[in-house]
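Once you've looked at the hints, go ahead and assemble the two chains, each given alone in its own frame, into the complex.
Protein sequence lines, in the order shown, are assigned to chains A and B.
Quick note, the first sequence lines up with residues 1 to 253 if you use the UniProt record's numbering.
Quick note, the second sequence lines up with residues 1 to 280 if you use the UniProt record's numbering.
These aren't lab readings, by the way, just hints derived from the structure by calculation.
Computed from a predicted model, the values in this text were never measured in an experiment.
Don't take every hint at face value.
Claimed, not checked - Facing chain A, from chain B, some residues (calculated, C-beta under 10 Å): (1) Gly9; (2) Phe23; (3) Leu113; (4) Glu116; (5) Ile121; (6) Ser263.
Unchecked claim - Derived coverage of chain A by chain B (criterion: at least 3 residues anywhere in the stretch with Cβ under 8 Å from a Cβ of chain B; other residues may be distant): (7) 67–77; (8) 84–95.
Note that the Cβ used here is the ideal one computed from N, Cα and C, for glycine as well.
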Amino acid sequence: MSTPFYVSPQQAMADRAEYARKGIARGRSVVVLTYADGIVFVAENTSRALHKVSEIYDKIAFAAVGRYNEFENLRIGGVRYADLRGYSYDRADVTARGLANVYAQTLGTIFSSVGEKPYEVELIVAEVGRTTEEDQIYRLTPDGSIVDEKNYVVVGGNADSIGNYLGQRHRGGMGLSEAVRLAVDSLARDANGGSPRTLTPEQLEVAVLDRQRFQQRKFKRILGGQLGRLLDGDQSAAADDEEKPAATPPSDE
Amino acid sequence: MEANTRGTGRLPAAFLTPGSSSFLDFLAEHKPELIPGHRGLPEGAVVEAPHGTTIVAAVFDGGVVIAGDRRATMGNVIAQRDIEKVFPADEYSAVGIAGTAGLAVEMVRLFQLELEHYEKIEGATLSLEGKANRLTSMIRGNLGMAMQGLAVVPMFAGYDLDLGRGRIFSYDVTGGRSEERGFAATGSGSVFARGSMKKLYRDDLTAEQASTLVVQALYDAADDDSATGGPDLARKIFPIVSLITEDGFRRLTEPEVARIAVSITDQRLSHPNGPQAPLL
Chain A
1 MSTPFYVSPQ QAMADRAEYA RKGIARGRSV VVLTYADGIV FVAENTSRAL
51 HKVSEIYDKI AFAAVGRYNE FENLRIGGVR YADLRGYSYD RADVTARGLA
101 NVYAQTLGTI FSSVGEKPYE VELIVAEVGR TTEEDQIYRL TPDGSIVDEK
151 NYVVVGGNAD SIGNYLGQRH RGGMGLSEAV RLAVDSLARD ANGGSPRTLT
201 PEQLEVAVLD RQRFQQRKFK RILGGQLGRL LDGDQSAAAD DEEKPAATPP
251 SDE
Chain B
1 MEANTRGTGR LPAAFLTPGS SSFLDFLAEH KPELIPGHRG LPEGAVVEAP
51 HGTTIVAAVF DGGVVIAGDR RATMGNVIAQ RDIEKVFPAD EYSAVGIAGT
101 AGLAVEMVRL FQLELEHYEK IEGATLSLEG KANRLTSMIR GNLGMAMQGL
151 AVVPMFAGYD LDLGRGRIFS YDVTGGRSEE RGFAATGSGS VFARGSMKKL
201 YRDDLTAEQA STLVVQALYD AADDDSATGG PDLARKIFPI VSLITEDGFR
251 RLTEPEVARI AVSITDQRLS HPNGPQAPLL
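This is chain B alone, in the form it adopts within the complex (with noise of 0.2 Å):
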């Protein structure tokens, strides 16, 4: 009775199956070596692949910015100069990714999945607080390929419909989570990021003021770590920035961004370390 799915064929048993409301947990059942974490790499070996770097969020009156630079780099080579680090990952979330940038994206996709399946299946979304836990655990499945050099250090914001208000958890390597208050960055360039937005992080923000907080912070991260990129205007490259608020996920367009963007490059032009907050 088993048949492939690939062509026509009756649903194989696992389909029919009453179960759990979790793709990933079909997948695990079904079809274990299509989990990223499940593939085991060659002993000893080490694999260069992208990585992916600097991720900032920051909460705001009414919601929640989640902002990435473009830069990836493979050793001292810059592999790709526009790639996307932030994701919508539902309606209401987004999802931002530092580290191997192969799995990473591999990752998002099955988080997405994840969420959508279940909202499908149950007929409700899933509660902020159940989404960061699912991607809690689809971190530590990675874990052995972490142990190898290839790890995802994720940084999930959302705006939750229960409280009101817009959330940051991030992660690390093992699937600790934390939620974070006000700020947070990830990635190497995450030191920097986060010592310029300490400085200029306010909890009254508008949701313009917070877009330019994180500009100013993947600024000052590019500054001073070579695997961020700062903005990119004779390519047009610029930061990716998304607002989540009570209307749900927007990315902003790529000339809010550029507006952002040239007017703070402009302003270090003068300023090249950016705006000064008072002394005492």
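The shape of chain A in the complex, shown without the other chains (with noise of 0.2 Å):
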């Protein structure tokens, strides 16, 4: 029988901690940054059914990138938390904080756990505020560490030269246009200088969480025609179901 190999805990986590980057950088980044009237998620993402950016709560959306079923359990999770926690008090009581702690002790002890494999997943939680001082931006790694973010961040393969380019140009006050139309810039960048890619609305995912909409639920998608308008720089696109008087709820898609 052979003896077996001592690994330092300091060499186990690093190990863990790769593997779940490795897995992580794979895939195609997410981009979150604020504009004037609240949050806007744009993610590459080809696919119409299966969502990088989704809704949690009235005001909380989530984001993330890598594995899709470990990052979709996870977030019917915090679908099912914020539920329950708004039945069970009051739906004020549900805040993006307390649901990225939720999250990060979740994160956490899976990492650290022999049994299980580390997620490689990356998630963004994010709430609105009533200003854009009160806007709540939260980044989960797969260890459950928690980052609050300010302003913008990236998350997934091209994170760093992404979050680089986002970051000279990000100003506080940006019309959704100019947010979307960033987002996109910095998304097309190439990670090795290389020329930038061309991305067309089919191949977008965009929801924002405007603090503006008169409904409790802030979060909506931006679809189709809408989201070509918004890439062309039409200011109003995104506005379109919005401007009805407020006795008038719009649908939600």
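In structure tokens:
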């Protein structure tokens, strides 16, 4: 019988982190940034049905990269957590901070438990506030760390170079159209300094948490023609169905 | 590994277990005590609780209108003058409730959440038929309490996006569901409201006419049923009237309902029995 190798805790954790990081690096990135009226989520995603960006609760949305089955599982857990909490207490008692903490605990426990493989996911939990100052964006890594981000955040394969590009150009109070175009420009960067790719609306998944929305639920997907107009710089595009008087709620989609 | 969700801690296994898209099913498995119907009552005790009364609904060209009076009674006492009994269930449907107010309001909250939860998990909305069926199972879960006098009898109305028209579903205490043609009423004043609508309803009503029709019916119900409240002009408490069309749910504003209610009340000063249908 052979003697088992001794692996130091440092080495074991480093190996697990490396494993998770490699899994995440294979996927396309997601960009989340603030704009004048809220927070916009832009992901490169050709699928219409398998979302990387989703609604969790009234003012809270979720974005993820990595293994789909793992982050989908976490997303559903988050929706259940939020709905149960809102039902037991009040809708106002569901917060991004609370949700991010639960995700951090969950990811952290999985990361350090010997019996489970670490999740290969990186998550963003964002909550739109009444003002830009109250917007909250949390980034969660596979080991369960939470990073409280300001203004913008990128996760996924090419996060560093996209983040650099975005960091130099992002400023407060951008319009939605400007913010989406900046996000798409940065997603289209080539990591190796080559010429940027061209991303069409069909390759993009875009959603917003819009504080101006009069409905209780602030999450809204921007689809098809509306997205096309936004990319062409038409500032009024996203406001299309929001212009109606408050008494006539438009449809969610 | 189990942690409570009230503080921080890892999500309990039930949260991460793949399963149904129903919030109700999730509650039944994880926190059954939070489901209204799962709570037992002491045997033999009769619980006195405020009851809500009349809900009416009518289909018009392009949608459906659902309305309720504002009175809650406890025995012969008026428990509340401005209770709300008509709620949006989601973007394209609404639910009105008659019966034990406390339980009914809780059931509505759970029903709204059930629809929203499904929408978030699945990324698609339930069909109108599917929504109506979900409500059936919730009423069925309340049967035990209904047997002890705490019945909830909702009415469900919505715009069917597939068929392109408004539809009404009514229920009995056992969860028996039936689709109504044209108009429907539930609650203690429903017999009078139905009689009123039977005489006034036509199938080519506009939204405005249908809104007037349901307020007329509520007026007639309040006229003959002591548990139904009429328009309270002195306190400015008017029925709740909600329209559901292709554009979604819309509750009429207070001035809009006030205008309808005041014109009906004015007419009743000279014609106490309201508009007259031709004899033949």
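Hints versus structure:
1. Gly9: At about 5 Å, which falls below the 10 Å cut-off, the nearest Cβ of chain A leaves the hint on Gly9 (chain B) intact, so it holds.
2. Phe23: OK, holds: Phe23 (chain B) within 10 Å of chain A, min 6 Å.
3. Leu113: Since the shortest Cβ distance to chain A is 6 Å, the answer is holds.
4. Glu116: holds, 7 Å
5. Ile121: Hint holds; Ile121 (chain B) Cβ to chain A Cβ min 6 Å, cut 10 Å.
6. Ser263: violated, 20 Å
7. 67–77: Holds: 4 residues of the stretch 67–77 of chain A have a Cβ under 8 Å from chain B.
8. 84–95: holds (count 5)
Checked against the numbered hints above, the structure violates only hint 6.
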